[in-house]
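J.: These are the residues of each chain, in order.
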Amino acid sequence: MSEMEKLKPGRIVRAFDWIYPTLAFVAVIALWQLIVKLTGIHAFVLPAPTAVISRMQDATLLLAHNTPPTVIAILSGFLAAIAVGVPLAVLIVAFPKFDKSFYPLLLGSQGVPKVALAPILIVWFGFGFVPTFLIAMLIAFFPIVIDTVAGLRSIDPGYLLLARSMGASRLKIYWRLLLPNALPHMFAGFKVAMALAIVGAIVGEMVGSNDGLGYILVVANGNLDMPLVFAILVWLVAVSLILTGLIELLERVAVPWSRKSRNEVMARGSA
Amino acid sequence: MARQGHRHRSLAMIEIRQVQKTFRAKDGAVVALNDVNLDIGIGEFVSVVGPSGCGKSTLMMCVAGLAQPSRGAVAIDGRIVSEPFTNVGVVFQDALLLDWRNVIDNVLFQIEMRGLPKAEYRDRAMSLLERVGLGGFERKYPWELSGGMRQRVALCRALVHNPPLLLMDEPFGALDTLTRDQMNIDLLRLCEGGGKTVLFITHSISEAIFLSNRVVVMSQRPGRIVEDMTISFDQDRTLDIRSTAQFVEYEKRVYDVFRQLGVLSDKRSSV
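Protein chains in written order, with the working numbering: chain A, 1 to 271; chain G, 272 to 542.
Honestly, the hints are just simulated from the structure, not real lab data. Glycine included, C-beta positions come from ideal geometry on N, C-alpha and C. Treat the hints with care, as some may be off.
Some chain A residues near chain G, calculated using beta-carbon distances under 10 angstroms [said to hold, decoys possible]: (1) Gly158; (2) Tyr159; (3) Leu161; (4) Ala163; (5) Arg164; (6) Ala168; (7) Ser169; (8) Lys172; (9) Arg176; (10) Leu177; (11) Asn181; (12) Val253; (13) Trp257.
According to the in silico footprint, chain A covers these stretches of chain G (three or more CB under 8 angstroms from chain A) [as the list claims (entries may be wrong)]: (14) 312 to 322; (15) 350 to 358; (16) 362 to 368.
If we strip away everything but chain G, and leave its shape as in the complex, we get (with noise of 0.2 angstroms):
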């Protein structure tokens, strides 16, 4: 659990706060977050987009207290994070199944970690496996399931046990278009109505604004955020919406940003 630090009353859930992390590398100090702020409220989703190497990983792995920071901190809840934060759902880009447990087992892999009685979840697990279409798969072993499968089943273990908080990193990276497609409309259904607040790292910007009520923009390293969006549709979030003028206006703002960056550029660079 997080050591108890000083509270105090906010309506932030995380609150990052000049977060800087510096990595040693054989020719100096690598300097991936820089003077990083960044508040996330109880209930929201915000995603954290930019180009690669920027750093958002290691943003998301400061608030998982998986990492520290070089300078600043991070407090959930109002407590500082110095030790893993246990009170959450994580997913990787790799979904990290164990390959002599069966579908059921691996979600519930993460009740036995946490020494939670496993019978009274396994119900949850399996209507969990239920609701992202892997009702019947139950007893496959994950080299039996696709891609979208096994990160399906790794979402269904980051949610069993019903966290406040979930935490991605790039989760649908490796997976083809269509797959992504129906992953994030899982995902959404998933969450609906649970109020959980979700961190999600992706350098997908279409994938970013369609999940999300936040963007977060950062630029390239020394990652530090550029631009933070609210994001709001006036009809329900479906596939189609990403072809709705609204979409395409938070679409254009995000490339706009990456643009003055200079990440993106509409002349072609001279190599």
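In isolation and in its complexed conformation, chain A is listed as follows (with noise of 0.2 angstroms):
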């Protein structure tokens, strides 16, 4: 941005503003505590955040053996969910046809509940990795199909009678014109559709795997390791902001004329 916008009061402000949830975030912290410490509470109940904190530090190597395969489940099943949802999409808006036949079809493949999909994954491919990378996706697929043709539809139709008066071809029309305008939407849904993947992981990885977060989430709910439990939910926690800032992070490296990255420009000239 420009000097003079360097200088305007809404950046100084603005630079502060971290200071808001992290009081927050340290005063949730000593409630937590001081309600431990005070009611007495043992520990299988709820543990205190100091419990928690150094049972992490017992479970560093646990932890570090169990996310990798969580994440390759979480990785594999948003990005399986790109690689079906966007082409179908494309199919939903280019061919009426096609749009008629299936998107209700899909809007009422909804209504099964994904994860009491688990144990007849689990019949048909065996413990392991292949149903929780199937529940991920199946569970991040929707958002993504939604969202994608909600963006393909979003053209000005302007544009489409511009490149009629080009003589662009159809593919060119959706390569360069219907999809990078359909982005920002896109994005919005791949936000969904990461958190739904972590989500459904760690309930395959629950029901179906011999590792993985979700596994050793279950293994300590069993021993009654409250701490543990709570160690792994904090992790959770911040593998998911990892994966889910990293969407952000794609998002304005690929659509930086996104509305809402444009709304923010003005928000903070007007501040």
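Since each chain comes alone in its own frame, lean on the hints to assemble the complex.
T.: Dropping the structure here:
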């Protein structure tokens, strides 16, 4: 941004914005610690934050060992959902008959709780990576299709008239016009999809895997090792923050023109 | 490309014959254009003025082949227009720039969509931008430009492939008066000596007279042509020309037509 913008008071306020959530976070943790200490709740009901942190330090190796399978399941499920969801969305928008035939089916299929499919998938594919990956993909797939369809249809009809006056082929219109135009919508879908893929992978590991964070969560729970359960949860929060942050970052690089970022510029200007 | 129709010898580039356009609406058919006949010669700059909703944009869409007349036909270079006519540059009221492309790539969008070699047109694109005062802005993005600058980019995009025909649908309608005046001058400069045929739709009478060799006046809906004036001035077209007796006389003639049609009335209408 320009030099003028740097001088605006809005920027200074924004620079210290992180203070508020940080203070709130610290306050919540302190309150938690205080309640546990004052009430003397047993650690296998609610462990104190200090207990969780020290358990986390003990379990570093366990966490480190079980993180890659989970992250791989999340990312592969997420990417597969994009690989299937985006082309499907293009087909829905490009071919009205396909849309009429399959879109209702797609919407209806959302009534099926994906988590409930886990036992079936285990019967079909056995324990391990495959059912976990499939649950992550199935659950992440829907928002990608919906948002990509919405994005492709969000084009101002004027652009289509313009493209037709240029004698552009259908393929070019999709590739150079509709898809780039859909990207802001698509990224909104990707963010939701990533959050859901995390849920899907964890659930998949809880029911059908021999490793991964979801698996050790079930084991720790079975052992009534509540500090470890909480340690795994805290670690999972960190992992999902990183993964969703990755999408945000990618969005900023790939879609600098998105309405959101433009609105931010405006908000900063008026602050 | 336009389908081969029967050719007949004529100096006219565009022949509009008994064109009628009817739209289906909730309460029956709406006749937008009624028996429109118009010839536009090679190199002519023809403006169509008329009250809003008179079908002048529809007329341009029919010429561009982006809409088909319900009755009658449009021919360009002796060929009936039955699909989008592509040997043309089109400018709409909205600049319709692509947010993900910078200025130069927006201009070259025309070249890409046509499958022409981009490298060969880059210099021409740059010099066009230079001529409309956008030199040095090639790397800017649409959201960093003012409305007038965006429309200038759209104008360069319409001209970059050097089309013989320019179709403009209220291109400066959304701009403020000063920007509009400058755009009018820029457009005249760009078209000077280029031998381009221009069909220019506007609701501004003075803009039409300032720019054109011919001003065609349309009635309110159902639109038909009620006046066809040849415009010529004894002096060069500069902004000062608008206060000359000749210019004022042309304006008066158009206003008189609108008065006869009942579009304008000196008496206050009883609401």
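J.: The structure should be examined with respect to each hint, and the outcome stated for every one.
T.: Consistency of the hints with the structure:
1. Interface restraint check: Gly158/A against chain G, minimum CB-CB distance 5 angstroms, threshold 10 angstroms, status holds.
2. Given hint, Tyr159/A at the interface with chain G, holds; its Cβ is 6 angstroms from that chain's nearest Cβ, closer than 10 angstroms.
3. Checking Leu161/A against chain G: minimum C-beta separation of about 5 angstroms stays under 10 angstroms; hint holds.
4. Hint status for Ala163/A relative to chain G: holds, with the closest Cβ pair at about 6 angstroms, below 10 angstroms.
5. Interface hint at Arg164/A: satisfied, since its Cβ lies 4 angstroms from the closest Cβ of chain G, which is below the 10 angstroms cut-off.
6. Interface restraint check: Ala168/A against chain G, minimum CB-CB distance 4 angstroms, threshold 10 angstroms, status holds.
7. The interface hint given for Ser169/A is met, as the beta carbon of that residue sits about 8 angstroms from the closest beta carbon of chain G, less than 10 angstroms.
8. For Lys172/A, the shortest C-beta to C-beta distance to chain G is roughly 6 angstroms, which falls under 10 angstroms, so the interface hint holds.
9. Given the 10 angstroms rule on beta carbons, the hint for Arg176/A holds: about 7 angstroms separates it from the nearest Cβ of chain G.
10. The beta carbon of Leu177/A comes within 7 angstroms of a beta carbon in chain G, closer than 10 angstroms, and the hint placing it at the interface holds.
11. Using the Cβ-Cβ criterion of 10 angstroms, the hint placing Asn181/A at the interface with chain G is satisfied: the shortest such distance is roughly 8 angstroms.
12. About 12 angstroms separates the beta-carbon of Val253/A from the nearest beta-carbon of chain G, more than 10 angstroms, and the hint is not met.
13. This hint holds: Trp257/A has a C-beta 4 angstroms from the nearest C-beta of chain G, less than the 10 angstroms allowed.
14. Counting residues of the segment 312 to 322 of chain G whose beta carbon lies closer than 8 angstroms to any beta carbon of chain A gives 0, which falls short of the minimum of three for the stated coverage.
15. By the rule of at least three residues with a Cβ nearer than 8 angstroms to a Cβ of chain A, the coverage given for the segment 350 to 358 of chain G holds, with 3 such residues.
16. As drawn, the segment 362 to 368 of chain G meets chain A at 3 residues by the rule of a beta-carbon pair under 8 angstroms; at three or more, the given contact holds.
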